[in-house]
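Peer 1: Listed here are the chains, written in short residue letters.
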Amino acid sequence: MALHPDFPLPDVDDPVMKPFWEGARAHKLMQQRDREGGKLHWPPKPMYWKGGERLEWIEVSGRGEVFTYVVAYEPFLPAFQDKLPHIMVVVQLAEGARIVGYMKNCTPEEMRFGMRVRVAFDDLTERVTLPVWEPDR
Amino acid sequence: MTDGIDTDLFRRIRDQVAIVGIGHLPFAKDIGRPISDTAVEAIQLALDDAGLAAEDVDGMCMFEMESTHEVSIARRLGVDGLRWWSKISYGGGASAATIMQAAAAIAAGLATTVVCHRARNRGSRASRPWAQEREIVKDDKALHTPWGLIRPVDVIGMWAHRHMHQYGTTREHFGNVAIAARKHANNNPYAMMRERKLDMETYMNARVIGYPLHLFDCCLETDGALACVVTSVERARDLKQIPALVHSVAQASGPNPVHLANYNNTPEMLTTAAFCAELLWRRSELQPRDMDCAQIYDAFTPLVISGLEDYGFCKRGEGGPFTEGGRLELGGELPVLTSGGGLSEAYVHGFNLILEGVRQLRGTSYNQVPDCKATLVTGASGVATSAVVLRAD
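Chains A and B supply the protein sequences, listed in that same order. Sequential numbering from 1 applies to the first sequence in our numbering. Sequential numbering from 1001 applies to the second sequence in our numbering.
Next comes chain B alone, as it looks inside the complex (with noise of 0.2 Å):
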């Protein structure tokens, strides 16, 4: 695929953009206020770690797979008017997107303050989609869903039992990522995981949710607002903490791109996170082997593998044995999900891993990479998705 759009305004964007504050509300079973509610919060103390003021925003960058509206949010905020905003679709796939919208309309000089956030209320069981498909089913759903094939476990699925088929995938390699996110939950005081420890004979002995996956290959179902501010690196560094630079940044569909059942798009059904990962590093300084941990998407175990893969740590179908020996762990060669993760800390989208990226970065986290110097941060694969690579200042 050619990138020929406007390789300078990835220059601009490289190093030159930051993330300057970051901030959440306790995450929840259920948190009792709407998204709506919780959004203005969360920017709000995403702006107070800045030490910025709402009078300082004026651009907005936000993902939902509801109905809340930039104005709202930031009338309530006090924004005393926006003058550029984007809303990006796909859920989970659109998580580093909002950070590569937001430095590429800084970048181009449409904005200088950017918000981006994601409040998501998804802890309640009725609030789940696919336990209330009850309408004609139109567009990309209808390739899949009229067979059954709507939990989001099952498309996956499709995904790890081919890899285990194909490559020698096993549970037990599911089972070490899932151990790698609740490792580092464990010591995450905002993790809905914190109190409960998984080793390998819990983990195995799970019940199945949709044949080859079971309940610890799933992420949380979780209520939480969080937020991060995006200016350029100029204001960044008279700002009060230390700045995560955005090096590089990529959105991608793919070939024949499907919604979510995606299996069309290559003979070895590729998924998105290898057409994202190309525009990445051909982007990008820095390369997979200069990451000194990774926040890989991981609404489910499967996709951690295939994104270690996809994303360049190590060839295809090593994905498997490349989580062994601890080496996802803190303290080993890749620590991946360091505050927990969709899987352990809380699910909202992959918006926490923006998050721990920056934590990592100002070594603050609570699983704290010696000296990180550089972070991979990555959207849901399999839907359009996104990735950004942030670098310490």
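For reference, chain A alone in the conformation it holds in the complex (with noise of 0.2 Å):
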């Protein structure tokens, strides 16, 4: 299906999360990293931020846990239209940090706090993928 032309496509080239999107585009989750203890730091630091030679962007697991979620009905925003009913949800990643994402290839009723699921890549755009989620059966 075409993309709705009011689709709120983000803005790829921001210097801070340009790492996150190019992955998305090789169909990697990458997340960033702070060599020193290893703690994820979502939303990212850019890299002049004091530490900043510290941080490194890595692929991580895609696996995760869902945190919360919300499910929207109709009527609901055009660009989305085609996705009713969609749930969006808070993802736990296995290596910690939390973000925000939709679920694929899943109903309302299959949808469980803490339940496992794992990354897929909708491609928007040439330029654009969206990281999203399906249950990890």
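Note that these hints are calculated values from the structure, not bench results. Among the hints, a few may not be true.
As the list claims (entries may be wrong) - Here are the computed distance ranges between Cβ atoms for each label pair:
no.: 1; chain 1: A; residue 1: Val16; chain 2: B; residue 2: Glu1268; range: 34 to 44 Å
no.: 2; chain 1: A; residue 1: Gly37; chain 2: B; residue 2: Thr1364; range: 32 to 42 Å
no.: 3; chain 1: B; residue 1: Gly1363; chain 2: A; residue 2: Gly51; range: 47 to 57 Å
no.: 4; chain 1: B; residue 1: Asp1015; chain 2: A; residue 2: Glu56; range: 48 to 58 Å
no.: 5; chain 1: A; residue 1: Lys104; chain 2: B; residue 2: Asp1290; range: 46 to 56 Å
no.: 6; chain 1: B; residue 1: Thr1266; chain 2: A; residue 2: Ala94; range: 14 to 24 Å
no.: 7; chain 1: B; residue 1: Thr1364; chain 2: A; residue 2: Gly51; range: 48 to 58 Å
What the hints assert, rightly or not - Below, simulated DSS-like cross-link-like pairs (lysine-lysine); rule was C-alpha separation at most 25 Å, straight line:
no.: 8; chain 1: A; residue 1: Lys39; chain 2: A; residue 2: Lys50
no.: 9; chain 1: B; residue 1: Lys1087; chain 2: B; residue 2: Lys1138
no.: 10; chain 1: B; residue 1: Lys1029; chain 2: B; residue 2: Lys1197
no.: 11; chain 1: A; residue 1: Lys18; chain 2: A; residue 2: Lys45
no.: 12; chain 1: B; residue 1: Lys1138; chain 2: A; residue 2: Lys45
no.: 13; chain 1: A; residue 1: Lys28; chain 2: A; residue 2: Lys83
no.: 14; chain 1: A; residue 1: Lys28; chain 2: A; residue 2: Lys39
no.: 15; chain 1: A; residue 1: Lys104; chain 2: A; residue 2: Lys28
no.: 16; chain 1: A; residue 1: Lys45; chain 2: A; residue 2: Lys28
no.: 17; chain 1: A; residue 1: Lys18; chain 2: B; residue 2: Lys1138
no.: 18; chain 1: A; residue 1: Lys18; chain 2: A; residue 2: Lys39
no.: 19; chain 1: B; residue 1: Lys1240; chain 2: B; residue 2: Lys1029
no.: 20; chain 1: A; residue 1: Lys28; chain 2: B; residue 2: Lys1138
no.: 21; chain 1: A; residue 1: Lys50; chain 2: B; residue 2: Lys1240
no.: 22; chain 1: B; residue 1: Lys1138; chain 2: A; residue 2: Lys83
Backbone N, C-alpha and C define an ideal beta-carbon position, used for all residues, glycine too.
Two chains, each in its own frame: build the complex with the hints.
Peer 2: Right, dumping it as structure tokens:
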């Protein structure tokens, strides 16, 4: 299905977020890690941040669990009309950070808190791919 | 978090600055005038209420997400010249912050008489920003908007649903908040919902907006313009109204803040209000038990439940049961949203909660808490927020 003209596409050229979006284009879920201690920073920090030399982008496992979610039904935003009911999630990554996404291949009835999910990728345009989630059955 | 700023400043603010005038235009679905115009009239009404004139004003503090300018409002009003002004971001998070910044300016000697206001036209469907996302989304918005997490009801629904899962909070608990606000609005001739009753059956059977939140969990959308006048307590005592003293003030973003979809604050996903509350009560001689009522920001019912926890009226996780038995209604242990709030009076980014706090201390509320000595007014949680404790002179 063609992308709706009002779809809220992200700025993939944002200097801080660029590695995340470039990774997504290559179907990799990227996170920023502090080499010392291994803690993930989400949202990511600029590399000129104090301690920025310790930061690195890594591909993470793409597995996590549902921390919380909401379900949108009719009527919703026109750009997402073909996805209804649209399940939006906050996923707690296995590596610790919490990120926003939406579910695919899943119904609202199947949703559970703590449910295991794995990353999938929705290619929206030539430049924009969204990391999204599906049940890790 | 340390608060090693100028603690002496908070002592100079505490009970030394007062809200001396309040005013607002009748709330409407379509007010038919731009906010650059309604703002001026609302400020004029607040000055009239205080017995002051535009010439007495030398400071202005406002918040908005649109685009109006202090200088043009002051010019139309007839202010001789502003010596101090500030404009605060983050929508409903900024409401109580206007009082904090005005009080700080007065205590610091930057201004003597400050008008704070909010004018907002949002009654019309087309005016809602999430209905018109068309550009490439940048900055914090790119962390949630591309996945469809755009409407505030969904952003806040994430917190609400987690609270339900973690603590057993129920839809009936949310309903208790909606019904308390509605009962109060039914006594308020200015409330948009003054004629409409709400019972639990109607609440439960309402249509879903973004599961788990339903129609009556959501605030109204209203056109409105409101203002108040802040000055020193010495001046306040010579004016015609009973002053509402500014006792404690705070603004807080919390750690690792993301605008709106702020889910990485802490392992528990605490909202900004928890951090604001810590500062507020540390700067206050009064504590939650001293509050005779509370005006807790209510864009959505679950925010009142988390607000009761964040501001220390009950323990974490007990906000749901706290709403039971009419505790939040007039006559209950802690009446909340005694004007009807954003849920049932008008949604004007919480400025109506400030005006209602002042009315309670003057003894002029339509839902007057007998002998009200102190009240809490909070801004929106989730976004960078603010709160103020007001007390009687």
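Peer 1: So, for every hint listed, does it hold in this structure?
Peer 2: Here is what the structure says about each hint:
1. Evaluation of the 34 to 44 Å hint for Val16(A) and Glu1268(B) yields a failure: the beta carbon distance comes to about 26 Å.
2. A hinted range of 32 to 42 Å for the beta carbons of Gly37(A) and Thr1364(B) is inconsistent with their spacing of about 57 Å.
3. Evaluation of the 47 to 57 Å hint for Gly1363(B) and Gly51(A) yields a pass: the beta carbon distance comes to about 55 Å.
4. Between Asp1015(B) and Glu56(A) the CB atoms are about 52 Å apart, so this pair conforms to the stated range of 48 to 58 Å.
5. A hinted range of 46 to 56 Å for the beta carbons of Lys104(A) and Asp1290(B) is consistent with their spacing of about 51 Å.
6. As the Cβ distance of Thr1266(B) to Ala94(A) is approximately 19 Å, the hint placing it in 14 to 24 Å holds.
7. For Thr1364(B) and Gly51(A), the hinted distance range of 48 to 58 Å is satisfied, since their beta carbons lie about 55 Å from each other.
8. A threshold of 25 Å between alpha carbons decides the hint, and for Lys39(A) with Lys50(A) the separation of about 15 Å falls inside it, so the pair holds.
9. With a CA separation close to 22 Å, the supplied pair Lys1087(B) and Lys1138(B) stays within the 25 Å bound.
10. For the suggested pair Lys1029(B) and Lys1197(B), the alpha carbons sit about 19 Å apart, so the restraint of at most 25 Å is met.
11. Annotation: proposed proximity of Lys18(A) to Lys45(A) holds, straight-line Cα distance about 11 Å (limit 25 Å).
12. In summary, the hint linking Lys1138(B) to Lys45(A) is supported, as the alpha carbons are separated by about 15 Å, within the 25 Å threshold.
13. Of the pairs offered as hints, the one joining Lys28(A) and Lys83(A) holds, with about 23 Å between alpha carbons and a cut-off of 25 Å not exceeded.
14. At most 25 Å may separate the alpha-carbon atoms for a hinted pair to count; Lys28(A) and Lys39(A) meet this at roughly 19 Å.
15. For the hint pairing Lys104(A) with Lys28(A), the CA-to-CA distance comes to about 17 Å; that is within 25 Å, so the pair holds.
16. Distance restraint check for Lys45(A) and Lys28(A): the Cα-Cα separation of roughly 19 Å lies within the 25 Å cut-off, and the hinted pair is therefore satisfied.
17. Simply put, Lys18(A) and Lys1138(B) have alpha-carbon atoms about 12 Å apart, close enough for the 25 Å limit, and the pair holds.
18. Only pairs whose Cα atoms come within 25 Å are accepted, and Lys18(A) paired with Lys39(A) is accepted, the gap being roughly 20 Å.
19. As the CA atoms of Lys1240(B) and Lys1029(B) are separated by approximately 32 Å, the hinted pair breaks the 25 Å bound.
20. Distance hint between Lys28(A) and Lys1138(B) is fulfilled; the C-alpha atoms sit about 21 Å from each other, no more than 25 Å.
21. For the proposed pair Lys50(A) and Lys1240(B), the alpha carbon gap of about 54 Å is over 25 Å, so the pair is violated.
22. Distance restraint check for Lys1138(B) and Lys83(A): the Cα-Cα separation of roughly 23 Å lies within the 25 Å cut-off, and the hinted pair is therefore satisfied.
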